[in-house]
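For chain E, the structure is supplied; the task is to place chain C on it using the hints.
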Amino acid sequence: MTDPLNDLFTLLPELILVAAALVVITVDLFLPRGAKWTLTPLAVFGMLLAGIGCALVWGVNDTVFAGFYVVDDLSVFLKVATLVIGVLAALFAPSYLVSRRLPLGEFNAILLFSLTGMFVLASSSDLVTMFLGLELMVMPAYLLTGFHKTDRYSNEGGLKYFLLGSFASAILLFGISWTYGLTGTTRVAEIGAGLTGSTAGIVALAMLTVGATFKVAAVPFHYWTPDAYQGAPTPLTGFLSVGPKLGAFALLVRLFVEGLGGDVRAEWLVVMAVLALLTMTGGNVVALAQVNVKRMLAYSSIAHTGYIMAALAAFAAAPSPAVQQRSVEAVLFYLLGYGVMNIAAFAVVGMLQRDPRRYGGLVSFAGLAGRAPWLAAAMAVLLLSLTGIPPTVGFFAKLYVLLAAVDAGMAWLAVAIALNAALAAFYYLRVIVYMYMRDPEPEPASIDGHPFGVAALAMSVVGVLALGIFVEPVLDFLRASAGSIF
Amino acid sequence: MGLTGYLVVSILLFGIGAFGFLARRNAILMLICIELMLNAVNLSLVAFNAFGGQGEVTGAIFALMIMAVAAAEATVGLALVMAIIRTRQTAEVDEYSDLKE
Numbered sequence: 001m002t003d004p005l006n007d008l009f010t011l012l013p014e015l016i017l018v019a020a021a022l023v024v025i026t027v028d029l030f031l032p033r034g035a036k037w038t039l040t041p042l043a044v045f046g047m048l049l050a051g052i053g054c055a056l057v058w059g060v061n062d063t064v065f066a067g068f069y070v071v072d073d074l075s076v077f078l079k080v081a082t083l084v085i086g087v088l089a090a091l092f093a094p095s096y097l098v099s100r101r102l103p104l105g106e107f108n109a110i111l112l113f114s115l116t117g118m119f120v121l122a123s124s125s126d127l128v129t130m131f132l133g134l135e136l137m138v139m140p141a142y143l144l145t146g147f148h149k150t151d152r153y154s155n156e157g158g159l160k161y162f163l164l165g166s167f168a169s170a171i172l173l174f175g176i177s178w179t180y181g182l183t184g185t186t187r188v189a190e191i192g193a194g195l196t197g198s199t200a201g202i203v204a205l206a207m208l209t210v211g212a213t214f215k216v217a218a219v220p221f222h223y224w225t226p227d228a229y230q231g232a233p234t235p236l237t238g239f240l241s242v243g244p245k246l247g248a249f250a251l252l253v254r255l256f257v258e259g260l261g262g263d264v265r266a267e268w269l270v271v272m273a274v275l276a277l278l279t280m281t282g283g284n285v286v287a288l289a290q291v292n293v294k295r296m297l298a299y300s301s302i303a304h305t306g307y308i309m310a311a312l313a314a315f316a317a318a319p320s321p322a323v324q325q326r327s328v329e330a331v332l333f334y335l336l337g338y339g340v341m342n343i344a345a346f347a348v349v350g351m352l353q354r355d356p357r358r359y360g361g362l363v364s365f366a367g368l369a370g371r372a373p374w375l376a377a378a379m380a381v382l383l384l385s386l387t388g389i390p391p392t393v394g395f396f397a398k399l400y401v402l403l404a405a406v407d408a409g410m411a412w413l414a415v416a417i418a419l420n421a422a423l424a425a426f427y428y429l430r431v432i433v434y435m436y437m438r439d440p441e442p443e444p445a446s447i448d449g450h451p452f453g454v455a456a457l458a459m460s461v462v463g464v465l466a467l468g469i470f471v472e473p474v475l476d477f478l479r480a481s482a483g484s485i486f
Numbered sequence: 487m488g489l490t491g492y493l494v495v496s497i498l499l500f501g502i503g504a505f506g507f508l509a510r511r512n513a514i515l516m517l518i519c520i521e522l523m524l525n526a527v528n529l530s531l532v533a534f535n536a537f538g539g540q541g542e543v544t545g546a547i548f549a550l551m552i553m554a555v556a557a558a559e560a561t562v563g564l565a566l567v568m569a570i571i572r573t574r575q576t577a578e579v580d581e582y583s584d585l586k587e
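Just so you know, the protein sequences line up as chains E and C, in that order.
Counting in our numbering, the first sequence runs from 1 upward without gaps.
Counting in our numbering, the second sequence runs from 487 upward without gaps.
So the derived label-pair ranges between C-beta atoms look like this:
1) C:V494 / E:P41: 55 to 65 Å
2) E:D476 / C:T573: 43 to 53 Å
3) C:L498 / E:V415: 44 to 54 Å
4) C:A565 / E:R33: 21 to 31 Å
5) C:M553 / E:Y223: 23 to 33 Å
6) C:V494 / E:P103: 46 to 56 Å
7) C:E542 / E:A200: 18 to 28 Å
8) C:M553 / E:S198: 26 to 36 Å
9) E:F426 / C:I518: 41 to 51 Å
10) E:D3 / C:A546: 26 to 36 Å
Calculated from the model, a selection of chain E residues having no Cβ within reach of chain C, i.e. all distances over 12 Å:
11) P4
12) A206
13) W268
14) V271
15) L278
16) L375
17) P391
18) P440
19) A458
Just so you know, the hints here were simulated from the structure itself, not pulled from any lab data.
Yeah, the Cβ is synthetic: ideal placement off N, Cα and C, and Gly gets one too.
Bound-form chain C, shown alone:
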């Protein structure tokens, strides 16, 4: 399988993540969808690096950095979700509508 195959999988993964983010109404599932999108990016970075890198490893290193950032992001996100579940007793984002015009 060449570069195209990896990129198709990556785009599909990103699309599923983006669709899930927009369609799902549960805060934790939305967080998981964001992680899917980040993993799609990682896949494409590593694939670009493997097929066009000419010996340098920028793409692979970048993917490692994104993993670290994704872990931090999940931590921050879950902390915020925990806080809001304590005051609202629900993780459904449609219920979070106190702030509006």
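One chain only, chain E, in its complex shape:
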């Protein structure tokens, strides 16, 4: 495709998001203080328009801009999942931000820019676009972590995330530079062949892997995660724990599944499998010891990273293209399901923090079922889904990863996932026990019932159940998307 206008058309979803961010910033200047809440529907409207843009580029399946960018069905699925997360994040945030006098306009604009970065990552077919997309995604994420400027914890989380994230970016870049030097190209599809056989190639590959696994928060590169997640304003933590993770997995899928799939798979398989095992076990074991629900969810998000990496390891070990495709489908489905349930679980923690002195301790959940039965029921559904109990989306997400691992002949990894899920049940169910079987505190935390937040929570719970019960349409979408790269 050489027509530049046609190339621009395939960029429609990204252009809409950037335009929406600029409109939000501009409109914010002219709105009186009492009308700032309208920025949230405005941002959500922009995301829905971008969703329509995604529908228009469905089925294009072409590389554009001289091979720097690819618009295939896989990228469309990732973008739709991104938008689901974005809409939920935009709706969950206002109550928490407004009660702490934090600006909504800046939040929505930064969120939209971060989503744009995730879009670019999902579509990148060149190391240059991949790096630019990654930075466009994580720099807003640093700002969102430190969004509560006057709060010590938010500052500290933001700075730690920034310093370690930039360090990892530099390592990733060094790997990219050497990849370019060794292969003479930055096209992802062409770099695989040049990286095998030489020591420098292995070093470059190792640096790429370190940089990328850092961004998904895999053990042993996870040290920034709990601090950044605990420090950030709680609903924004929900976004940070799923948005940049989805983007980073998009990078892993693009880089390793498409680029290095053929030639370096054997080397890469062992690394991925070991990292997956370390990540899920490490995350779960430390999560067991947490009394702060926010920090517990932060560690559990590391464990979920491990499950998704197990599906990637299954891809690398898969004996046939059909099994490979199923592994990639497992990755994508897990990302979508995890995105919805995790962002909502963090939002519930945020709703119990109306009083700014509360930092999400386990005791604030005590006796919640008596005080707010609907909220407790919603949290229970989300936690059961995170544990992986049917008929929720969490169950099917884990099931597909397990099946992919077994199909790929890695039964030991499947056993590890099952054992880890049992371990995780202990700390997720502990919150449910607190909600339903403990007496409330003498002066329980007041509950934030902002209409946007309640609507988003209802959407998430319905989504978690609907994705679990009516899974077939989503799977069709998924198969068509994953099929576009095989």
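Quick look at chain C alone, frame taken from chain E:
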């Protein structure tokens, strides 16, 4: 001086940056060390491009992109450092230990 010379300098620069990042405890100095690492990457990219580019300019363009990103990164980083210095009155990262188990 051939490609090897440039690469040795680049690796040294990257090593100094990485060591400085891990050894220094001042947030602003750590930021400077990250910039050193990015500049090492730029040097290696331009060198790879000049010696093996066969007329194409991907490496040089990439280096320009990295400069733009590094500037944005410094802006974001300094904003975060400013915010934390306002609440803690120090830029020493060892003092930032409120978030832990």
